[in-house]
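**Q** Protein chains in written order, with our numbering: chain A, 1 to 406; chain B, 1 to 256.
Hints may be right or wrong, so weigh each one.
Below, computed lysine to aspartate or glutamate pairings styled on DMTMM-like, alpha-carbon distance capped at 20 Å [as the list claims (entries may be wrong)]:
id, chain 1, residue 1, chain 2, residue 2
1, B, Lys-200, B, Glu-25
2, A, Lys-382, B, Glu-150
3, B, Lys-198, B, Asp-215
4, A, Lys-384, B, Asp-145
5, A, Lys-364, B, Glu-75
6, A, Lys-386, B, Asp-145
7, B, Lys-157, A, Glu-353
8, A, Lys-401, B, Glu-107
9, A, Lys-364, A, Asp-351
Take a look, some chain B residues computed to stay more than 10 Å from chain A by CB distance [as the list claims (entries may be wrong)]:
id, residue
10, Glu-14
11, Asn-16
12, Pro-37
13, Gln-71
14, Phe-104
15, Ser-108
16, Thr-132
17, Gln-164
18, Gly-235
FYI, nobody ran anything at the bench for these hints, they're computed from the structure.
All of these numbers come straight from a predicted model, not from anything done at the bench.
Yeah, the Cβ is synthetic: ideal placement off N, Cα and C, and Gly gets one too.
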Amino acid sequence: MSIAEQVEKELKKISNSKENLDLFLDSGLPTKKNELWKYTNLENFWKEFDLSQQKVVELSTPDKDAAFNHVFFVNGSFVDAYSDIKVISIAKCGDDLLSFKSELNELLNKESMFQLVESQRVNQYLLKLEGVQEKPILIHNFYTSEHANHSSSHLHILATPNSETTVVETHICDNNAQSFVNNAASFIVQENAKLSFIKTQELGDQSVQVQNTRALVKRDAQFESFTIDAGAKLSRNNISIRLDGEGAACAAHGIYVLGGTQQSDTNSFIHHNKPHTESSQLYKGIMNDKSHGIFTGLIRVEKDAQLINSDQLNKNLLLSKGAHAHSRPQLEIYADDVKCAHGSTTGQMSDEEVFYFESRGVPKQRAQRLLAQAFAYDVTLKIKNKTARDFSKNILEKNFKNLEVE
Amino acid sequence: MSLLKVENLKAQVEGNDILKGINLEVKPGEIHAIMGPNGSGKSTLSKVIAGHPDYEVTDGNLEFNINGKMQDISELEAYERARDGIFLGFQYPIEVPGVTNIGFMRESFNALCEHQGAELMEEEEFRAFVKTKLPTLNMSEEFLDRAVNEGFSGGEKKKNEILQMLIMNPRLALLDETDSGLDIDALKTVADGVNSMKSKFNAFVLVTHYQRLLDYIQPDFVHVLYKGKIIKSGGKELALELEKKGYDWLIEESKQ
Numbered sequence: 001m002s003i004a005e006q007v008e009k010e011l012k013k014i015s016n017s018k019e020n021l022d023l024f025l026d027s028g029l030p031t032k033k034n035e036l037w038k039y040t041n042l043e044n045f046w047k048e049f050d051l052s053q054q055k056v057v058e059l060s061t062p063d064k065d066a067a068f069n070h071v072f073f074v075n076g077s078f079v080d081a082y083s084d085i086k087v088i089s090i091a092k093c094g095d096d097l098l099s100f101k102s103e104l105n106e107l108l109n110k111e112s113m114f115q116l117v118e119s120q121r122v123n124q125y126l127l128k129l130e131g132v133q134e135k136p137i138l139i140h141n142f143y144t145s146e147h148a149n150h151s152s153s154h155l156h157i158l159a160t161p162n163s164e165t166t167v168v169e170t171h172i173c174d175n176n177a178q179s180f181v182n183n184a185a186s187f188i189v190q191e192n193a194k195l196s197f198i199k200t201q202e203l204g205d206q207s208v209q210v211q212n213t214r215a216l217v218k219r220d221a222q223f224e225s226f227t228i229d230a231g232a233k234l235s236r237n238n239i240s241i242r243l244d245g246e247g248a249a250c251a252a253h254g255i256y257v258l259g260g261t262q263q264s265d266t267n268s269f270i271h272h273n274k275p276h277t278e279s280s281q282l283y284k285g286i287m288n289d290k291s292h293g294i295f296t297g298l299i300r301v302e303k304d305a306q307l308i309n310s311d312q313l314n315k316n317l318l319l320s321k322g323a324h325a326h327s328r329p330q331l332e333i334y335a336d337d338v339k340c341a342h343g344s345t346t347g348q349m350s351d352e353e354v355f356y357f358e359s360r361g362v363p364k365q366r367a368q369r370l371l372a373q374a375f376a377y378d379v380t381l382k383i384k385n386k387t388a389r390d391f392s393k394n395i396l397e398k399n400f401k402n403l404e405v406e
Numbered sequence: 001m002s003l004l005k006v007e008n009l010k011a012q013v014e015g016n017d018i019l020k021g022i023n024l025e026v027k028p029g030e031i032h033a034i035m036g037p038n039g040s041g042k043s044t045l046s047k048v049i050a051g052h053p054d055y056e057v058t059d060g061n062l063e064f065n066i067n068g069k070m071q072d073i074s075e076l077e078a079y080e081r082a083r084d085g086i087f088l089g090f091q092y093p094i095e096v097p098g099v100t101n102i103g104f105m106r107e108s109f110n111a112l113c114e115h116q117g118a119e120l121m122e123e124e125e126f127r128a129f130v131k132t133k134l135p136t137l138n139m140s141e142e143f144l145d146r147a148v149n150e151g152f153s154g155g156e157k158k159k160n161e162i163l164q165m166l167i168m169n170p171r172l173a174l175l176d177e178t179d180s181g182l183d184i185d186a187l188k189t190v191a192d193g194v195n196s197m198k199s200k201f202n203a204f205v206l207v208t209h210y211q212r213l214l215d216y217i218q219p220d221f222v223h224v225l226y227k228g229k230i231i232k233s234g235g236k237e238l239a240l241e242l243e244k245k246g247y248d249w250l251i252e253e254s255k256q
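Using the sequences and the hints, build the whole thing.
**A** Printed below as a string of structure tokens:
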């Protein structure tokens, strides 16, 4: 039996949502026939299969940086004891969560990995954000298993009107763990609220993460999504944002730093559904060795969404002959008075820039590292909250320490 | 005692011979000007001395005074030569997006500190040090926090090269057409920068097209480069003569 068949069989037994199960079964596990999964063959990365949820394990007292408010999850399950902020589990939020879900119903509707999360309906939580929060929230996700296993979770974040929050999320695991993390984060950013969400990922090189991010941004609200990928053998980021009120704005930025045979695949969808909305995207990839970076981005502007402003840029830096990048920026515009710009570049490090450093006493390898860092930090510099920005920079720092350019 | 000694130096880039036997000796305290028509190899000479990896030395000697001894530097990497006190001012300074000017200069300066076994300079202290050099070059502090050369005008880029030179305080500064593209005020400013650093311990090699720069920086020697060889050397009066008569008479003379 193939992995796809095993998943279907297993899922039918454990599914908690018939509707989502049917949506999943429509297409099943993604294959290369799916245009949005053209460059990533999931079965190459997910060889051992087990849909059963990992047991919750005890967490030893964590170190908590006082600059953040902390929330802890282990294998997708909330750890109340150490968390500064409480999330509400599905059992306790009842209709709140269902109405939340129905508002976002159409986002990532056709993404079967998201439907896999939704048909299981495990580890589902709701977090409400209120007021202006100076301290960013740091959500820790630990994955502990040493065997092939699957972790599924879905965090729903509601940014209430006029609230302002920065949320950082980390995904880490034991060094030798072979985790398959398929998780979702859904956001409703209500009128005039500001929410910045920074997903960071430092999973070991045996692990896979599929992150499904959805956001509905209402009138005069702002949503920012950052994806900082510094680990995992495969990281797939599905991002779907709908600007659903006049004056709504969003940014979706990302940086992936890859080596070995790592692969990172981003699929972004920005939907301008109302006039006077703005979006901006900057995705950057640094690929070394035989790694592979993929970016597919679609901007759709509806007929009535006049006077919108949208830009999208994907830039790739290839550090070796064996590394490669695929970039597919796409526009679908039905309105006639809009400003949309998109572009993509892929190139190598400039020898002249490296020599400039060398002529100033800086050895070649260090010069290359500094230039790669500068390329990457262009993205982290866009994170407005300093604590969150430094945190993200530190995560990338490790990837540059031993960087060697061919 | 020499600072730089170039003997019968031959060099090529991508298989083309550019330098075909250069002889040049530079002593501390001296200013040399290298002039010559386009394509004569002027820029190549400065890049070869600085150690640009695209240029290959095929014959001759390239020696530099390190710790009081003349040493062969032809095998040293560019960064090692820089640490030993050779500075190259670029004809076309490179833009480096994402790296701040002050960060770039501190990286360079600390590379020297590390080489000399001195303590590295912290950010604040370094900024204060750099600020002392800004008035000479008519530069505002704002330039320190911008990305290296990004969006700088031609004149600002050249001034920025001189600022880097003042920070690194090299024993030998090779300035490759630092005067090109400068208006008269910027030219004076650049000259002020050079003159403020000049001492009996260091030397300058100015690669230039025009005599103009030499009105503000007095050279001790002027060399004319043509087809990869120095065809004439003289004092500063040679530059004036070239300004009047052009290069043709020298080229004719050298053929005889």
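**Q** Of the hints stated earlier, which fail here?
**A** Going through the list in order, the structure violates hints 14, 15 and 17 and respects the others.
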